[in-house]
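Given the sequences, and given the hints that come with them, work out the whole structure.
Quick note, the sequences are listed as chains A and B, same order.
Sequential numbering from 1 applies to the first sequence in full-length UniProt numbering.
Sequential numbering from 1 applies to the second sequence in full-length UniProt numbering.
Check before you lean on any hint, since a few could be wrong.
[Unchecked claim] Computed beta-carbon distance windows for the label pairs:
| hint | chain 1 | residue 1 | chain 2 | residue 2 | range |
| --- | --- | --- | --- | --- | --- |
| 1 | B | L318 | A | A106 | 36 to 44 Å |
| 2 | B | N129 | A | K319 | 21 to 29 Å |
| 3 | A | A90 | B | R332 | 27 to 35 Å |
Think of the hints as simulated: they come from the structure by calculation, not from any bench.
Glycine is no exception: its CB is placed at the ideal position from the N, C-alpha and C atoms.
What follows is each chain in one-letter form.
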Amino acid sequence: MFVADKLVKTFPGVRALDGATLTLRPGSVHALLGENGAGKSTLVKLLTGVYRPDGGRITWDGEELHFGGPLAAQKAGIGVVHQERNLIPAFTVAENIVLHHLPGQAGWLDKQRMRAEARRCLDLLEVELDPDTPVARLSVAQGQLVEIAKALSLDSKVLLLDEPTASLTGDEADRLYTVVRRLRDSGHSVVLVSHKLEEVFAVADTVTVLRDGRSVAEAAPLEGYSQSAIVDLMVGRAFASIELPQRTVDASKPPALRLDSVDTALGHRDISLSVRPGEILGLYGLVGAGRSELAKAVLGLEPITAGTVEVHGKPARIKDVGEALRRYRLGYVTEDRKHEGLFLEQPVARNIAVTVWRRLAKAGLIPDRQERTLAATYVEKLGIRISSAQQLAGQLSGGNQQKVSLAKWLAAECDILIVDEPTVGIDVRTKAAFHELIAGLAADGLALLLISSDLPETIVLADRIAVMSDLRVVGQLDNTHNYAQMSQQIIRMIHAEVHTA
Amino acid sequence: MEKTAAPPGRPRRLPLWANPRLGLVVLLVLLVAFFSILRPAFLDTRLTLTPLQSDISVYLVVGLAQLSVLSLGHMNLAVGRMAATSAFAMGLTHDKLGAGLIVSLTVGLLVGALLGALAGLIISRTGVNSFVVTLAMDFALVGLITILYASATDGVAFPTMPAGMEALRFDTFADYCLGDICGPRIPLVVPIALVAALLVGLLFRWSRLGREILMTGSNARAAELSGIPTRTRVVQAHALSGLIAALAGFLLAANNGAFSAGIGDSFLLPSFLAPVLGGTLLVGGAVSVLGTVLGATLTQVIYKGLNLLQFQLDQLQLYIGLVLLAALSLDRARHVLAERRGAAP
Chain A
1 MFVADKLVKT FPGVRALDGA TLTLRPGSVH ALLGENGAGK STLVKLLTGV
51 YRPDGGRITW DGEELHFGGP LAAQKAGIGV VHQERNLIPA FTVAENIVLH
101 HLPGQAGWLD KQRMRAEARR CLDLLEVELD PDTPVARLSV AQGQLVEIAK
151 ALSLDSKVLL LDEPTASLTG DEADRLYTVV RRLRDSGHSV VLVSHKLEEV
201 FAVADTVTVL RDGRSVAEAA PLEGYSQSAI VDLMVGRAFA SIELPQRTVD
251 ASKPPALRLD SVDTALGHRD ISLSVRPGEI LGLYGLVGAG RSELAKAVLG
301 LEPITAGTVE VHGKPARIKD VGEALRRYRL GYVTEDRKHE GLFLEQPVAR
351 NIAVTVWRRL AKAGLIPDRQ ERTLAATYVE KLGIRISSAQ QLAGQLSGGN
401 QQKVSLAKWL AAECDILIVD EPTVGIDVRT KAAFHELIAG LAADGLALLL
451 ISSDLPETIV LADRIAVMSD LRVVGQLDNT HNYAQMSQQI IRMIHAEVHT
501 A
Chain B
1 MEKTAAPPGR PRRLPLWANP RLGLVVLLVL LVAFFSILRP AFLDTRLTLT
51 PLQSDISVYL VVGLAQLSVL SLGHMNLAVG RMAATSAFAM GLTHDKLGAG
101 LIVSLTVGLL VGALLGALAG LIISRTGVNS FVVTLAMDFA LVGLITILYA
151 SATDGVAFPT MPAGMEALRF DTFADYCLGD ICGPRIPLVV PIALVAALLV
201 GLLFRWSRLG REILMTGSNA RAAELSGIPT RTRVVQAHAL SGLIAALAGF
251 LLAANNGAFS AGIGDSFLLP SFLAPVLGGT LLVGGAVSVL GTVLGATLTQ
301 VIYKGLNLLQ FQLDQLQLYI GLVLLAALSL DRARHVLAER RGAAP
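Following this line, the structure appears as structure tokens:
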């Protein structure tokens, strides 16, 4: 039996896992469920040796395991198929499968043995694939099977599948699950991480549900639960909602930002949304629903192929962020703050002032003092904790980084803000402060489009909620702030969509 | 609750001994002392120090040309050939049109800037790595320069130079007196290089343009998402590199006494050495002009010193390589050590 007992993992400013327990029996399919940010990915990374736990232990039949790295975990018999592809496209199927233990002698590759080994693994899955095909020529589903074969080639007894059907069609998913059942019957433990509850109920035997880094259901037989009982467990009825002051949106005001039947080159179809000044429109959906991409299309980073975007009632064709900022006073606080939001190697002052250098500059030169004053204003306003404005942004905690990334748009005096996943990777208390901050911005009259995969957050903050799935808006709701009712409605909306798709 | 929490730790600032500029100064002093003891002629103004200053000036400007694109995390491998092409343009303008110093120089600088802008344009439009683009450009320009010199001159150099270049070559401020007071024995090219360094420093430290270039180098995606026209900044940085390379070509021509086809042949490696020794990162986002001044000085001091110790040319190259490798490794070791200390709780 494989047991991960009371695992703890902290990152600067966040307790990602706080005593999560996972128990696996051989010959079973185990579902690992939880909302975005509940700690699933962190748990998977601990089990596969990517991270080391700060507390708790991993044992297998009573023997404690320590992984020095991903390879050690694989050698110990824990295979993983990540959500993103990890194959080398230019190599053949066989080469990819045996990549970590290439058979050979004196540095020469034994192609015969390599093919035989690959064939053995593919046969375990009963998959018909020529080992000599380059991986680049495979479909996504075939690639996934090759990854499973690769995990099996290391004689894995535990196999973790992270959202394996995210990019598969219904038929392909069915075939994958046939393989999963076969693995179970041959004595493997399969861990299935998925958002698609129908699939989970069809395949899994037992379930662990994570919430806020803790396991709220541990290796429970899935038969005992209904789908809505699982949803309740995932979102948690006892969510302590913070009290935000009531805001009223002046419905007579024209929308600050309006999208009308917008199609994009990325495949969004018929997107219609609008946000009024002083209003927060929550844009909820699962990861991959196309929300950030929609925001980037509005900013001109991706082509809009049909429909109209209006800013304050006037049609707008925004060609880049500079124009969005200066002409339309529209800002975008990115989700991926490390790669898109911040300049980690630059001082905080520059990170905040970068959007307004044009305004500060005198004869092309930027006076230090004014930049410092400006930075200090927003550091104070947002309660950013820094030791000096010259501190590098990369040295701040996640919450403070996020505030810096927000500050540059406030400094630019935007009146429409698209805020993308503002509290991902931020601990609970800072999160609450951030929610107050965002609500405060709306109260000051900003129009806010809040992209979030965090359901409690969306329900606490938004005035209205648009639900996106698969590049479409599948429904819009007026938010009653009644958590139980709203969450049920929204989750059903998404899962109904996944089911019929 | 955010405000009442304990203040965050001090920012991790490198201790004084880990400052690469300081290390360079120390190394410089030690080397000068070493060479002076072995060869007292090292301190001879007319024989050593004055020509040394001219050389430092040229290679400082060469380093600044590279620094302009290192700011982006890019490279300009055509820095020497851009200088050569610009020098040809200066020679041609003077030789065929009879233009004076200022006009010829301006035309040359313009040619350099255009070449740089072309490289930048190709890089920003195609997304091809700057290494590849400027390498290709270097090859193309090598051929072009040979053809140009063959068609416009005897094949090697222009026979004449604009009036005033002789003064840049031979004169020092000691030749210019106001009554009894004469200037120090500093060559006339020195202030040109220093002004260039000051302007580049001003650009990257205080100007919006320079800072936006640095931000683009620091994180191009974030820069674009902050409203910086990153493509334009790439073109501008490369144009600046070309312009400064042209200035370096001009200064070398002044030192050599001719606009010749060989100008820029020796620019490529020193162009990286000066800024990198001075602490400019290859990954972009940070530059040090002062460091580049020190880096250029250090390389030329080593060169001159070993020269005085009568090393053969090939030996000279070998030892310079070794000394620089040692300097860079020491720098790296010091940095790692400092990081480790700073990172400790």
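So, going through the hints one by one against the coordinates:
no.	hint	in the structure
1	B:L318 with A:A106: 36 to 44 Å	holds (37 Å)
2	B:N129 with A:K319: 21 to 29 Å	holds (26 Å)
3	A:A90 with B:R332: 27 to 35 Å	holds (34 Å)
When held up to the earlier numbered hints, the structure conflicts with none and fits them all.
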